[in-house]
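A.B. asks: Take a look at the letters that make up each chain.
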Amino acid sequence: MAIGVTTTPEKSKPSGSIINDPQVRGIFYQVITVVLLGAFVYWVADNTIENLKRANIASGYGFLNGRAGFDVGQSLIAYTSDSTYQRALVVGLLNTLLVAVCGIFTATIIGFAVGIGRLSHNWLIAKLSLAYVEIFRNIPPLLVIFFWYSGVLAILPQPRESAALPFNMFLNNRGLAFPKPIFGDGSLYTVLALVLAIVASFLLARYARKKQEATGQRFPVLWSSVGLIIGLPLLVFLATGSPITFDVPVAGKFNLTGGSVIGPEFLSLFLALSFYTAAFIAEIVRAGIRGVSKGQTEAAHALGVRPGLTTRLVVVPQALRIIIPPLTSQYLNLTKNSSLAVAIGYADLVAVGGTILNQTGQSIEIVTIWIIVYLSLSLTTSLFMNWFNARMALVER
Amino acid sequence: MAKRILTALVGAAVMGIGTQAASGATLDDVKAKGFVQCGVNTGLAGFAAPDASGNWSGFDVDYCKAIAAAIFADGSKVKYTPTSAKERFPALQSGEVDVLARNTTWTINRDTALGFNFRPVNYYDGQGFMVRKSLNVKSALELSGAAVCVQTGTTTELNLADYFKSNNLQYNPVVFEKLEEVNAAYDAGRCDVYTTDQSGLYSLRLTLSKPDDHMILPEIISKEPLGPAVRQGDDQWFDIVSWTHYALIQAEEFGITQANVEEMKKSTNPDVQRFLGVEADTKIGTDLGLTNEWAVNVIKAVGNYGEVFDRNIGAGSPLKIERGLNALWNKGGIQYAPPVR
Ligand SMILES: N[C@@H](CCC(=O)N[C@@H](CS)C(=O)NCC(=O)O)C(=O)O
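Protein chains in written order, with my numbering: chain F, -8 to 388; chain B, 20 to 360.
FYI, nobody ran anything at the bench for these hints, they're computed from the structure.
In this text, a Cβ means the ideal position worked out from N, Cα and C, and glycines have one as well.
Among the hints, a few may not be true.
Covered stretches of chain F (chain B as the covering partner; in silico rule of three or more C-beta atoms under 8 Å from a C-beta of chain B) [as the list claims (entries may be wrong)]:
id	region
1	59 to 71
2	139 to 148
3	235 to 245
4	335 to 347
Whole structure, please, built from the sequences with the hints as guidance.
C.D. replies: See the structure below:
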């Protein structure tokens, strides 16, 4: 720091003792700081190791291969109490990722809708959006989570009075049960067709853009993609003799059996995180749009561009540049807040890690895993958003 | 999250600094600060629960008081640290509490890998199941497909997995960290079954909105010997905690109660005289690092084991738990104290 603010016009012309040389001094202070910090870290580490030894706690990550012995409520991969601690942690990590990704997606949609709603000329929409933001922004996230959880449990019917929804879906206080697809022989082709259709839609979109830039002609990308993505797999599915069947939930002794279930813990955590973070995103979006000078809109109108197109092609691209950096922090917040899951029994990384910590006593190891995982998640999100931001930045031609 | 990690890290760091003082000298430490820091549960009526004005009472709380009385001749010199099932072990490891009197099961893992010492079992328990009567379930073997509420950080969670696996039953675990959360979820019908130590079930049932709608199934699926725990490495402190329990048992065996203890000091029975420290030139208490009156002080503070049991969880309490295995060895149970000699 001291190096940065050197104001002497010429470089070091020792005007006396070396002690007065700001550059030397700067280096000296920095070295001292590093040495002290190093000594402190060493002291803490040394003491900790010493005391772990005294308390008979072995350190190292070998325990991760032990049998977990406990069950987990919801898991995206096969897991039983015979699985290892390591696998249990992966189950927790995937649950964290699931709720974070779903939450980010929904929070963004709600946030943009409410943010734009606040700028609406319609009095009711503007006031409702304002109320939404003020309510959710001013309640601690944990309370929002409890609110949804007790709300979900209180409102949804008991399993024996499950509410029947279309497509053989059922809703009760054990969650949302829906038919589970069972992939028979030959169903691979349908899946491949789906992947193919998605890739084709991307290529189509590129082609359409090129064509428009070259000739000014527009191509109906949206509708042809939708047709492609639904039509192609459906065709293949029928042609291969409908190999995919569904396991439908039916009433059992305690609850519905069969099918897949999304538990109330996931539902309420997901809703709470989405609604809470959306309030902040709404404010960011509003600020972003306000940040685009009025002249831009007026200029577009003067050129005869329709209002809808003006918003899409003139205002939003410029607003995005203001919106993206703070949006990144909100995504990071949402991911980190997902660790509040433990309060309502959702088996996220922190909850599962905590159980393992408790059984094995390996606190330092588990805490290190937590830190590394959350740090990596945050850094990955940041990197992605930086890349996205760079793409959205003004391209000067 | 950040707070959790921070607490854990600070905990680890404090562990690096704090426990040095504690090892080998817990008694000196306790005497210097003037009270026993006792780890109890966060609120399980009958075992440890605070009343409206913050006074703790219960079976485990009486053990804290008994230990304090043995040291200070005053059962009120205790400070309580409420801990959830998950928080209790770090609290003891880090030296935040001197002793854990918190319906904790003695297991080999806790006795070795976690670095604790257990000896006396102050309550022989086992894991049970509670269900709604309306489900018409008569045995735990009919529970396949049920959603089961359980608290994390317990032996309960592990026994549950083993029991359902070995009986080839399916279940859906609903796992919480805090007791109130488990209670609320079960009460709201999130689960069909609540499982924990049977003693805990008796207590928890009374806190539900309609206790009479629930019943405890007959099966006991595990052994849960509950008792006080201390850190390894301080034998004197381990002895004090252990012998406080044995004093309570011995007092019941001799028929010494809170009311008659002064009277009993005049007994001519040499065993009783030795126990109450009135034998000439006795070192019965000083060898423990206490005074020879220590057993008298314990009994004056909380009574004998039978009195502690009855008042908090037995016939004289709303829980009405039978003595069962916890009766004295000569009354059909297995509670037994080594000779005071
Ligand atoms: N004995 C078992 C279970 C002990 C336990 O924590 N039981 C629960 C349910 S009865 C409890 O007392 N919780 C009170 C709390 O968390 O404050 C063990 O040691 O793991």
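A.B. asks: Between the region 139 to 148 of chain F and chain B, see if three or more residues pass the 8 Å beta-carbon test, and mark the coverage as holds or violated.
C.D. replies: holds (count 3)
A.B. asks: For the region 335 to 347 of chain F, does the count of residues with a C-beta closer than 8 Å to a C-beta of chain B reach 3?
C.D. replies: holds (count 7)
A.B. asks: Under 8 Å between beta-carbons, do enough residues of the region 235 to 245 of chain F, three at least, approach chain B for the coverage claim to hold?
C.D. replies: holds (count 3)
A.B. asks: Go check the region 59 to 71 of chain F versus chain B for me, would you? Three or more residues, Cβ under 8 Å, otherwise it fails.
C.D. replies: The restraint on the region 59 to 71 of chain F holds, since 6 of its residues have a Cβ under 8 Å from chain B and three suffice.
When held up to the earlier numbered hints, the structure conflicts with none and fits them all.
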